[in-house]
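Visitor: One letter stands for each residue in the lines below.
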Amino acid sequence: MNGRFHLLLPSASSLSGRIDALWWTMVCLCGAVAIGVFVVMWAFCIRYRKGRQIDRTLSHSTTPIELTWTLAPLVIFVGVFGWSLFLYAREESPPKDAQTIYVVAKQWMWKVQHPGGQREINQLHVPLDVSIRLTMTSQDVIHSFYVPAFRVKQDVLPGRYTQLWFAATQLGTFPLFCTQYCGLDHSRMGGQVIVMRPQDYASWLRDNGGSATLAAHGAALFRSLGCSGCHGTEASVHAPDLDGIYGRRVYLADGSDVTADDAYIRDSILLPDKQVVAGYAPIMPSFQGQVNEDGLLALIAYLKSTRAPPVNATESTQNGHH
Amino acid sequence: MATIDADTVTDAVPRSFLNAEAGLGSWLTTHDHKRIAILYSIGITFFFFLGGIAATLIRLNLLKPSGALLNTETYNKAFTFHGVVMVWFFLIPSIPATLGNFLLPLMIGARDVAFPKLNLVSWYLYVTGGLFTICALLMGGVDTGWTFYTPFSTMFSNSNVFLVIVGVFVTGFSTIFTGLNFIVTIHNLRMPGMSWFKLPLFVWAMYAVSLVMVLATPVLAMTLALIGLERGLGVGVFDPALGGDPLLFQHLFWFYSHPAVYIMILPAMGVASEIIPCFAQRDIFGYRFMVYAMVAIAVIGFLVWGHHMFVAGMSVYAGLVFSILSFLVAVPSAIKVFNWTATLHKGTISFEAPMLYALGFVGLFMLGGMTGLMLAAPALDVPLHDTYFVIAHFHYVMVGGSVMAYLGGIHYWWPKITGKLYSEPLAKFSAILMFCGFNLTFFPQYVLGYEGMPRRYAHYAPQFQVLNVLSSAGASILAISYLLPLFYLGWSLFRGTVAGDNPWNARGLEWQTTSPPPEKNFYKPPVVQQAYAYDRPAP
Numbered sequence: 671m672n673g674r675f676h677l678l679l680p681s682a683s684s685l686s687g688r689i690d691a692l693w694w695t696m697v698c699l700c701g702a703v704a705i706g707v708f709v710v711m712w713a714f715c716i717r718y719r720k721g722r723q724i725d726r727t728l729s730h731s732t733t734p735i736e737l738t739w740t741l742a743p744l745v746i747f748v749g750v751f752g753w754s755l756f757l758y759a760r761e762e763s764p765p766k767d768a769q770t771i772y773v774v775a776k777q778w779m780w781k782v783q784h785p786g787g788q789r790e791i792n793q794l795h796v797p798l799d800v801s802i803r804l805t806m807t808s809q810d811v812i813h814s815f816y817v818p819a820f821r822v823k824q825d826v827l828p829g830r831y832t833q834l835w836f837a838a839t840q841l842g843t844f845p846l847f848c849t850q851y852c853g854l855d856h857s858r859m860g861g862q863v864i865v866m867r868p869q870d871y872a873s874w875l876r877d878n879g880g881s882a883t884l885a886a887h888g889a890a891l892f893r894s895l896g897c898s899g900c901h902g903t904e905a906s907v908h909a910p911d912l913d914g915i916y917g918r919r920v921y922l923a924d925g926s927d928v929t930a931d932d933a934y935i936r937d938s939i940l941l942p943d944k945q946v947v948a949g950y951a952p953i954m955p956s957f958q959g960q961v962n963e964d965g966l967l968a969l970i971a972y973l974k975s976t977r978a979p980p981v982n983a984t985e986s987t988q989n990g991h992h
Numbered sequence: 029m030a031t032i033d034a035d036t037v038t039d040a041v042p043r044s045f046l047n048a049e050a051g052l053g054s055w056l057t058t059h060d061h062k063r064i065a066i067l068y069s070i071g072i073t074f075f076f077f078l079g080g081i082a083a084t085l086i087r088l089n090l091l092k093p094s095g096a097l098l099n100t101e102t103y104n105k106a107f108t109f110h111g112v113v114m115v116w117f118f119l120i121p122s123i124p125a126t127l128g129n130f131l132l133p134l135m136i137g138a139r140d141v142a143f144p145k146l147n148l149v150s151w152y153l154y155v156t157g158g159l160f161t162i163c164a165l166l167m168g169g170v171d172t173g174w175t176f177y178t179p180f181s182t183m184f185s186n187s188n189v190f191l192v193i194v195g196v197f198v199t200g201f202s203t204i205f206t207g208l209n210f211i212v213t214i215h216n217l218r219m220p221g222m223s224w225f226k227l228p229l230f231v232w233a234m235y236a237v238s239l240v241m242v243l244a245t246p247v248l249a250m251t252l253a254l255i256g257l258e259r260g261l262g263v264g265v266f267d268p269a270l271g272g273d274p275l276l277f278q279h280l281f282w283f284y285s286h287p288a289v290y291i292m293i294l295p296a297m298g299v300a301s302e303i304i305p306c307f308a309q310r311d312i313f314g315y316r317f318m319v320y321a322m323v324a325i326a327v328i329g330f331l332v333w334g335h336h337m338f339v340a341g342m343s344v345y346a347g348l349v350f351s352i353l354s355f356l357v358a359v360p361s362a363i364k365v366f367n368w369t370a371t372l373h374k375g376t377i378s379f380e381a382p383m384l385y386a387l388g389f390v391g392l393f394m395l396g397g398m399t400g401l402m403l404a405a406p407a408l409d410v411p412l413h414d415t416y417f418v419i420a421h422f423h424y425v426m427v428g429g430s431v432m433a434y435l436g437g438i439h440y441w442w443p444k445i446t447g448k449l450y451s452e453p454l455a456k457f458s459a460i461l462m463f464c465g466f467n468l469t470f471f472p473q474y475v476l477g478y479e480g481m482p483r484r485y486a487h488y489a490p491q492f493q494v495l496n497v498l499s500s501a502g503a504s505i506l507a508i509s510y511l512l513p514l515f516y517l518g519w520s521l522f523r524g525t526v527a528g529d530n531p532w533n534a535r536g537l538e539w540q541t542t543s544p545p546p547e548k549n550f551y552k553p554p555v556v557q558q559a560y561a562y563d564r565p566a567p
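Residue numbers (this note's numbering), protein chains in the order written: chain A, 671 to 992; chain B, 29 to 567.
Some clues are possibly wrong.
As the list claims (entries may be wrong) - Residues from chain A that face chain B, not an exhaustive set, calculated with beta carbons under 7 Å:
| hint | residue |
| --- | --- |
| 1 | V710 |
| 2 | W712 |
| 3 | F751 |
| 4 | P818 |
Simulated from the structure, these hints should not be mistaken for lab results. Note that CB positions come from ideal geometry on N, CA and C, so glycine has one too.
Whole structure, please, built from the sequences with the hints as guidance.
Guide: Next up, the structure:
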């Protein structure tokens, strides 16, 4: 979008058209009701103005009409609710095959990490027609990731991961805004989403590739922070083996179980006493303050890349492990 | 008049609550609900114009994409101050503490509220809270936004957060005490014969709003205290770095602040429900439905706070529940709009200034309410949340709705409160100007929000400039329409013609006493009728 004024916002994601359909339906519906009420008000005001001779006998049975205009809005509202709910469920559930890109927000910039290790600031390059899932967290206060052309928005919180997904359907550059007030330069915390043809995206990834993938960066951290000293296969300390942990069900000491997702791994690193794995002593120290948000995401990417040893013991070497 | 000397004038003025005692001291220690109402109206008028100055700075700055006037820090402080002052020091006390205080005992035939001294204490708490807030302004202001989102407000802001939360905390108690006072007054001090379903809808509105004030405001006090604890002592409540949860803050804050919206709009509904029957000279359409609708709004209003958090990181299932409840709360609001419109049917309608304000209120409230439906649908709230669409929506409800109704009420009861009539042509002109200025200011903001302009932006992308300039132009018209009443109403105090007891041929006990009313409200007991008995002669 350039600096000129456009009345219609570009509709550039797989869901934006469906959201617009609901939006314009609501605009028309509300507009029609508003105009209807205004016309009736004006008509009454003119017809029954003071000084005009007209029959003013009030009818006594008003309950049927009152019930009508109580139930009619109710039915319409429930209908709109249902429609909206259907769309909301789509907005909130990324497709299974979505590619993950990581976003770390801080006062006042957006830091993006691609799985291949490419990093960018206040820009996000994505391929056309591919579902992209953003896993986002904040280093400080709450921010909000908003791309008007895609009709997507999600608050980005410190201390947890939130997700947002879209599939861009139009090539071009679209503005990105922070919509949660985050202090002094909130209004300057913006950027661009650049949608490219898949082949252009592939060459962009090649040209901007770092020395290592995000998972390889995580693997290096896994060793330098000392994680491998306990969780590695040859470790003498009694700690759970983490290869292939991502997405698995983990049974906890208190009898409950959790799925090992981003949030679980993050919490296990920073707050190891929160969810102790069944059969293990709570001996792990917290790594709070030793690893930053970027590092945590790299560690998650690394654990995600590993596979459980019995299935394929050698696969982890592909990711620079050992 | 000019030839009559001062002594004769004094003799000619009948004794009323205004001249029963003289001197500033008599006002500052009064227990008379009518005088306390006037003390409040001075306070809220002061804060309205203070908040208005902040709004003016905001609109001036947004004339240019790069900011035309203020640096970023000052801009952030300006919108924070605008929000804090307008919400807690103007809108919340506006109708209940001024018109409510003045009229509630009169409308039920009582001599005062149940706890006159507590009523005065409430005003002093309001003033104390206001002083803290002004102190914060003088010491450099505060930059958190009126919503105080954590962890920004607790761990990151370097401004005077403490002073402001103390100010709001203290003022909250003034709200709680007023609510308590009104509930007890309505339960216990109705005159013989004044049964619940003979009460004017304004009294019902005061009852509903008092329930919300008493039940919701303590949660705000608690939340602000927790901010103080985390900010001052580092007790981890909201900041994840201290083991807290920032979403907890939002739940607590909106548990208060959404019902607070109903604290602002229910009294406005009450005012419109008095004015429209009077100038249509007929009974309100569907009295009982109007009562049930207000009570339903007060109750369901407590269960919809989560619609402020659809993109905050709440679960989809919570979003679902809050969405359907938000749609449900719109049903009673729709009923009210239809019933006000139906009240015009077969009326004998005249268009004095209060009626113009009330009709303006219905129109603007309807537009604000319907855009609220869009925000209640999570699929639409996702793109619209925290954009100018939301700003436009709540200004339509709170400024188009509450402020129009407040001014309508002031014009309607002005003759009763002061005993004087204002200039009708100027008042009509100002009502029409306000309606036009308001729409020009805030309608472009709906479009801006749809286009994607986020709120709380000191700078914006150049494609948003056209609509921002339109909005600022509208704001200058709106400003004139707010200043005008100050002059012609002020003028009427000194030069206005004597109003008489019931200039509008209105029903309701307040019109059966003298204008202005005597200290104890009635010289002889008023005659109780069904509310809005416009088909019978005034007693």
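Visitor: With a cut-off of 7 Å, does the beta carbon of F751 (chain A) approach a beta carbon of chain B closely enough for the hint to hold?
Guide: holds (5 Å)
Visitor: Let me know if the C-beta of V710 (chain A) comes in closer than 7 Å to any C-beta of chain B, holds or violated.
Guide: Hint on V710 (chain A): holds, closest Cβ of chain B at ~6 Å, below 7 Å.
Visitor: Closer than 7 Å between Cβ atoms is the bar; does P818 (chain A) clear it against chain B? Give me holds or violated.
Guide: Interface hint status for P818 (chain A): holds (3 Å vs cutoff 7 Å).
Visitor: Against chain B, run the beta carbon of W712 (chain A) and see if the smallest gap drops under 7 Å.
Guide: The hint is violated - W712 (chain A) has no Cβ within 7 Å of chain B, the shortest such distance being about 10 Å.
Hint 2 from the earlier list is the only one contradicted by this structure; the remaining hints agree with it.
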